[in-house]
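Visitor: Here the protein sequences line up with chains A and B, keeping their order. Be aware that the first sequence starts at 1, since it is given in the working numbering, and climbs by one per residue. Be aware that the second sequence starts at 379, since it is given in the working numbering, and climbs by one per residue.
Please keep in mind that the hints were generated in silico from the structure rather than gathered at the bench. Just so it is clear, the structure is predicted and the values come from calculations on it, not from any experiment. Where hints are given, some of them may not hold.
Not everything, but these chain A residues come out facing chain B in the computed CB check (under 7 Å) [unchecked claim]: (1) Gln-261; (2) Ala-263; (3) Val-317; (4) Phe-367; (5) Arg-369.
Every residue, glycine too, gets a C-beta built ideally from N, C-alpha and C.
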Amino acid sequence: MSAIGAGRVTALGEIADELRESVHGFVQSRSTEAEVRRLMETDEGFDPSVWAQMADQLELPGMTIPEQFGGSGFEIDAQAVVFEEMGAALMCSPYLSTVLAAEALVASGDEEACAEYLPAIASGERRAALAVSERGGRWDAEGVAAAASELDGGWASLDADKSFVVDGHTADLLVVAARTPAGVGLFAVEADADGVSRDAVATLDLTRKQAHVVLRGARGRLLGAPDGASAALAHVNQRAAIALACESVGVATTCLEMSVQYAKDRVQFGRPIGSFQAVKHKCAEMLRLTEQARAAAYEAAVATAAGATEALLVTSVAKAYCSEACSWVAAENIHVHGGIGYTWEHSAHLYFRRAKSNEQLFGGPLFHRAAVLEQLGV
Amino acid sequence: MNAMTATTLEQFELEVTGFLDARVPRKDASPEAPPLRSEAEQLSEAKRWQAERYDAGLGWIMGPAEYGGRELGMDFERAYRRIEREYHVPSTSMLNFGLTIIGSCVAAHGSPDGREKYLRQLYRGELVACQLFSEPSAGSDLAGVQTRAVRDGDGWILNGQKVWTSNGHNSDVGECVCRTDMDAPKHKGITIFMVDMHAPGVDVRPLPDLAGEVHFNEVFLTDVRIGDEDRLGEVNSGWHTLNTSLMNERSYVAESNEGGEHVLTPEMLTETLQGLGAIDDPTIRDGLADLYVRFGVAGYVTSQARRKLERGETPGAEMSMSKLTYSENQERLVNFAATALGALITADSGQGDSFAWARNLLRARGIRIAGGTDEIQRTILGERVLGLPRDPAIDNSIPFKDIPRSVRRTQ
Numbered sequence: 001m002s003a004i005g006a007g008r009v010t011a012l013g014e015i016a017d018e019l020r021e022s023v024h025g026f027v028q029s030r031s032t033e034a035e036v037r038r039l040m041e042t043d044e045g046f047d048p049s050v051w052a053q054m055a056d057q058l059e060l061p062g063m064t065i066p067e068q069f070g071g072s073g074f075e076i077d078a079q080a081v082v083f084e085e086m087g088a089a090l091m092c093s094p095y096l097s098t099v100l101a102a103e104a105l106v107a108s109g110d111e112e113a114c115a116e117y118l119p120a121i122a123s124g125e126r127r128a129a130l131a132v133s134e135r136g137g138r139w140d141a142e143g144v145a146a147a148a149s150e151l152d153g154g155w156a157s158l159d160a161d162k163s164f165v166v167d168g169h170t171a172d173l174l175v176v177a178a179r180t181p182a183g184v185g186l187f188a189v190e191a192d193a194d195g196v197s198r199d200a201v202a203t204l205d206l207t208r209k210q211a212h213v214v215l216r217g218a219r220g221r222l223l224g225a226p227d228g229a230s231a232a233l234a235h236v237n238q239r240a241a242i243a244l245a246c247e248s249v250g251v252a253t254t255c256l257e258m259s260v261q262y263a264k265d266r267v268q269f270g271r272p273i274g275s276f277q278a279v280k281h282k283c284a285e286m287l288r289l290t291e292q293a294r295a296a297a298y299e300a301a302v303a304t305a306a307g308a309t310e311a312l313l314v315t316s317v318a319k320a321y322c323s324e325a326c327s328w329v330a331a332e333n334i335h336v337h338g339g340i341g342y343t344w345e346h347s348a349h350l351y352f353r354r355a356k357s358n359e360q361l362f363g364g365p366l367f368h369r370a371a372v373l374e375q376l377g378v
Numbered sequence: 379m380n381a382m383t384a385t386t387l388e389q390f391e392l393e394v395t396g397f398l399d400a401r402v403p404r405k406d407a408s409p410e411a412p413p414l415r416s417e418a419e420q421l422s423e424a425k426r427w428q429a430e431r432y433d434a435g436l437g438w439i440m441g442p443a444e445y446g447g448r449e450l451g452m453d454f455e456r457a458y459r460r461i462e463r464e465y466h467v468p469s470t471s472m473l474n475f476g477l478t479i480i481g482s483c484v485a486a487h488g489s490p491d492g493r494e495k496y497l498r499q500l501y502r503g504e505l506v507a508c509q510l511f512s513e514p515s516a517g518s519d520l521a522g523v524q525t526r527a528v529r530d531g532d533g534w535i536l537n538g539q540k541v542w543t544s545n546g547h548n549s550d551v552g553e554c555v556c557r558t559d560m561d562a563p564k565h566k567g568i569t570i571f572m573v574d575m576h577a578p579g580v581d582v583r584p585l586p587d588l589a590g591e592v593h594f595n596e597v598f599l600t601d602v603r604i605g606d607e608d609r610l611g612e613v614n615s616g617w618h619t620l621n622t623s624l625m626n627e628r629s630y631v632a633e634s635n636e637g638g639e640h641v642l643t644p645e646m647l648t649e650t651l652q653g654l655g656a657i658d659d660p661t662i663r664d665g666l667a668d669l670y671v672r673f674g675v676a677g678y679v680t681s682q683a684r685r686k687l688e689r690g691e692t693p694g695a696e697m698s699m700s701k702l703t704y705s706e707n708q709e710r711l712v713n714f715a716a717t718a719l720g721a722l723i724t725a726d727s728g729q730g731d732s733f734a735w736a737r738n739l740l741r742a743r744g745i746r747i748a749g750g751t752d753e754i755q756r757t758i759l760g761e762r763v764l765g766l767p768r769d770p771a772i773d774n775s776i777p778f779k780d781i782p783r784s785v786r787r788t789q
């Protein structure tokens, strides 16, 4: 993995600016509010033709997949821009889930499996999802109760009840964490295999679907070592935290823009409400928290891409901070809009739902604050 | 030393290291800091150290050679600060106004005679400077100053009262904001002057703060005579002159975010709590971690703003954001310290340094007020960055003398 990070561009550099421009144009044109509302009412929750365009035109699904497996070999610092732009438009897309499942495959160190699965993911032909968490909502290996039978030529029979599986109902491939006699391992399971059942469940965030996935004697191919999940998931969870932090920064940025525009347009007592300090100062705080969150998310992306020793610390700082700050901004956006912000037809609640869901997925502020002290040795 | 020869950053760093090695101990060689001294001793140490820096060409790294500066860039200034932090050096914080905000204002707006008169002495630490800005009825609304400056022959006569004058009791000169035209609207009748704090008619009275300590003063000006060479900028265009000073002040307060002397950190509180064996409670751990998170993020913002500066971009209103974050973080830290310490914050029970947090708890109140209140900073962000409509001002266009004044009631 370390060689992949060499000579990369950072999220703050020029290439990121170019990338942002093209991603911004794509996301804004494909993820209009009308489209978001249409897709959130569908069973799939995304538009397969847009997914295909995203793969063909922008090559986004393979962005961080190593070149030897058909990807572009970027690191997460460049990808930060993509997550931010998608968050800003609440893009309904199985992008996060597919990227994280691909990261799990790469992190498993299983070159044969990577060569088999990753090229189709990079090209956008197949989508994947991580099936790690269970009832307790933990994303580390220790929290896994799912059981794998004894291995037979690298294959096992799996029994699992997986919750909070993002895009699990539409993925073609599941990366499942299950307990083996040696420890917790990762397994690749074809979504249409016998013994796999997947149910989309009701979600707080209407623009990101989740599934409950049940495996009963489903065949799974071991990825890497039979106790390899712990290290691989640490790698994945770090990137998940950064991706969600960046998305939330995008959410907060849009919420800030919405509030400022409304504060300029809405007139009460004969004045735009943005001229009242109660509203003006709230908007100023929304700006400050959004900018701080952006700085934190970028810092984490850059430190992680560079393999910096403090990368885990910075990532937990960023996830803890962005989670709460961006949720606050999204909540205050509802408030600035007053009654209209509390209606179904206004989009403020959609952003609040995404921010609040991002806050808790892959470890909420409590989890990441505990991790901060652990990293600091306090 | 020859400013004509281009100095590389590497050469400069060697020079700085040589300068410091010859004079002061490295922190890694002797971890114990010298004991804190009385204010008078601190001041004389500060003056001695600044003179040494100046004489070695390190007293005004970015300043013009004519006045003893080195004419080097911000990266050299930062390199010096970074290297100096590795040594035990006398604190020059009591000279800071003169070395940063006021010095740069004199350099930018002073008359040739004024620059000649002040700059070398300010940067050699011979003159201690203070800001004579706020008044009893001009706080957040600084453009409402009432201290009058009236022409008298080739000079000026000053009358008025200033307040919150930090370090005024140690100062030799003050940068004074005066009203020079009562008939003009309030922003258009202001002029800035340098005032000799030892001149007849200048009366400095220490004003203890809520912690019972003296950091600021009231300054009464009665028929104080100054020369026209002491004027900074054009007559009646002082608001413009002042704004450059205020931007500098905000960046100065923001810079204290990192490594400043009175800045409290989560590490300090961790040490106190560890000393008391009170670090295992899950509620305390979560609160402490929250502080590490907030201070960490503030650090990222500062370092990214610095990288922006180094690329030649201007951070601008980020200074207002940094000041808000700094004051928020300091306040959260001391408030949480009180929560975590419980009864130990209420009295000196002799347990470790726990009661020192009582003083910190009190002093943190001032950070949200000094250098522009939180509310003023938020107004700046709302109007200048977000472009929100201004509060309709009733006093921007009428003559200053017609603006209503605060009502004074006897208690």
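Visitor: May I ask you to test the interface hint for A/Arg-369 with respect to chain B, counting a Cβ-Cβ separation under 7 Å as satisfied?
Guide: holds (4 Å)
Visitor: Using 7 Å as the Cβ threshold, decide whether A/Ala-263 counts as touching chain B.
Guide: The hint holds - A/Ala-263 has a Cβ within 7 Å of chain B, the shortest such distance being about 6 Å.
Visitor: Does A/Phe-367 meet its interface restraint, that is, does its C-beta lie within less than 7 Å of any C-beta in chain B?
Guide: With a minimum Cβ separation of about 10 Å from chain B (threshold 7 Å), the hint on A/Phe-367 is violated.
Visitor: Hint validation: A/Gln-261 versus chain B, beta carbon distance must be below 7 Å. Holds or violated?
Guide: violated (10 Å)
Visitor: Are A/Val-317 and chain B close enough, Cβ to Cβ, to be under 7 Å, as the hint says?
Guide: For A/Val-317, the interface hint holds, since the closest Cβ of chain B sits about 4 Å away, which is under 7 Å.
The earlier numbered hints that this structure contradicts are 1 and 4.
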